[in-house]
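Based on these hints, arrange chain B on the given structure of chain A.
Each chain, letter by letter, is given below.
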Amino acid sequence: MGFFLETLFGGLMAGMLYSLIALGFVLIYKASGVFNFAQGAMVLFAALAMSRFAEWIPQWLGFESLLLANLLAFIAAMAVMVVLAWAIERLCLSKLVNQEGITLLMATLGIAYFLDGFGQTLFGSDIYNINVGMPKDPAFILEGMFEGGVMISKEDLVAAAIAALLVVVLALFFQKTKTGRALRAVADDHQAAQSIGIPLNKIWVIVWSVAGFAALVAGIIWGSKLGVQFTLSLVALKALPVVILGGLTSVPGAIIGGLIIGVGEKLSEIYLGPMLGGGIEIWFAYVLALGFLLVRPQGLFGEKIIDRV
Amino acid sequence: MLYRENGQFKTSYAADQQIFPIFQERWAMALLLLVAFVVLPLVGSEYFFRAIVIPFLILSLAALGLNILVGYCGQISLGTGAFMAVGAYAAYNFMVRIDGMPLIVAMLLGGLSATVIGVLFGIPSLRIKGLYLAVATLAAQFFTDWAFLRIGWFTNNSSSGSVSMARLDVFGVPIESPVSKYLFVLTVVCVFALMAKNLVRSAIGRQWMAIRDMDVAASVIGIRPMYAKLSAFAVSSFIVGVAGVLWAFIHLGAWEPAAFSIDRSFQLLFMVIIGGLGSISGAFLGAAFIVLLPLALDQIPHLLGIPLSTAAITHLVHMIFGALIVFFLIVEPHGLAKLWSVGKQKLRLWPFPH
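Protein sequences, first through last, are from chains A and B. Residue numbers for the first sequence follow my numbering, so the first one is 1 and each next one is one higher. Residue numbers for the second sequence follow my numbering, so the first one is 1 and each next one is one higher.
With the rest of the complex left out, here is chain A (with noise of 0.2 Å):
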């Protein structure tokens, strides 16, 4: 039982960590109908910007303070990720309105190709590591019902409460500031807004810098874990089964999505895969995400698809 629920809550931190990822495909998807198979790169890219960023500006200032140079690294990376979402309005999005989905899912694909190549470029393409201050020891708890109590991850708990944060500081932005609601006027129809006077171009520079804050808080947490490297990109894959999953257009369907996926994937490595070979970590969420598909084609809080002639 403590193995259980010890694997359970690796799962449910992995999970967060998915969500992280699958926030900025479905905010994308919500304001601009674009499907971002570029998310990943944008992932990479901002943790190579914050890591590369924290080890120069302290070089360049020169001062010593960790703090300090990780608060202006954080917010450079920001301002990196703000100028790479006008960019990619200007010279790519505004260039494609009213193509087909496909052509915009390719246009994203070729957005992703030139970040990877580019950011390793201009930041170096070794394993970099960002150190924000993350607790490595693991924690015990429920040292009175177990042997051993349960151990936990404090890095990945840290991680999950950041996320978590970040979910409910999007939502408060998206439900009661005006920005925000803009950002669903556009999302619903894209021409009654337009009509009422809410610039399209505006609204999408904004909404692809916000995909870029959560893809920045994406990859500092994944790359205090992991290291930054190009695998980064790559984990960007694992979310499509996420927003699958939860749904495109839904913001909670994403993070629950992303705990479903998490634990069922960890349950499954350990309880499933010493019968089929080990190693289904690698598929599972994305046959699980397929039969689900066949069932409830929406996802858990996606829009119905309705059809019309």
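Calculated directly from the structure, the hints in this document are not laboratory data. The reader is advised that the hints may include incorrect statements.
[Claimed, not checked] Partial list, computed: chain B residues near chain A (C-beta under 10 Å): (1) 134; (2) 147; (3) 194; (4) 195; (5) 199; (6) 266.
Even for Gly, the Cβ is constructed at its ideal location relative to N, Cα and C.
Frame of chain A, contents of chain B only:
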């Protein structure tokens, strides 16, 4: 002035239904085939065959298969690499486990195995479409990646996980030298291209296109969506499976599942989009673009004498590649095949203004 149909009257149904209705096009095609079958084998170098033409031809074939699914039937697939892998590993098993299995039969059986898997993973397309389907086909990709890596039976329990295929022959003629490999691949590609071209102009091809343009309307006029979609998956994965066999047996010789990873699927989708959705020649143009561009980009720093490390070049190639794809999508979303047909229209009038 040279390229126009003036004076070419069609007097029979056969003449009306030709693939190349204009005699200039027929001559151009014949010339192209002559160059491909006779001239190139005489003048091409080993590097030219091994690194450029053979990969180009095989990937064109795979792109052709994918184009039937994506371009003609409108079902997005990100699992092309998986179907290639199924073809390759199935053919390998037929070759290894059955004595005296001829290469061509094994190739076709590999294609049939890919068909079965393709139809299986095509079943979700009856319920879901568009980008959702794309994610569903990713399941095929990751599942086969895993299966060929972890299940020893598929690789004949090879300890390293990589399998190899040597000493191939067709009707007693060994396929060893680059030229013989090239001719074999070229023949297969030509046969399949002709078959695909005829399929898409037949009743079934029109059904696919009707489903692509609007599936609800198509089913109202009596096209069975299940039959049309699954047949597109079947034909597409058959061709892709055969391309996988060629890629593994002829181009690579020894391979492991990584040869058919998700990057391959993306690459093929790029070819189809850049070449032109719903066009046979588009598959070839797209494959040429995607195969040749990185080779050319690799050479440019050498030619200009700029000393760059290999890693830097790889990153630069990535950047230019990504940027070019976006550029292409913006300038001509319908691909190179569209540019080609626009060019032909212009050529009909040239050099006169009207």
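Cross-check of the supplied hints:
no. : hint : in the structure
1   : 134  : holds, 7 Å
2   : 147  : holds, 9 Å
3   : 194  : violated, 27 Å
4   : 195  : violated, 25 Å
5   : 199  : violated, 22 Å
6   : 266  : holds, 6 Å
Hints 3, 4, 5 from the earlier list are contradicted by this structure; the remaining hints agree with it.
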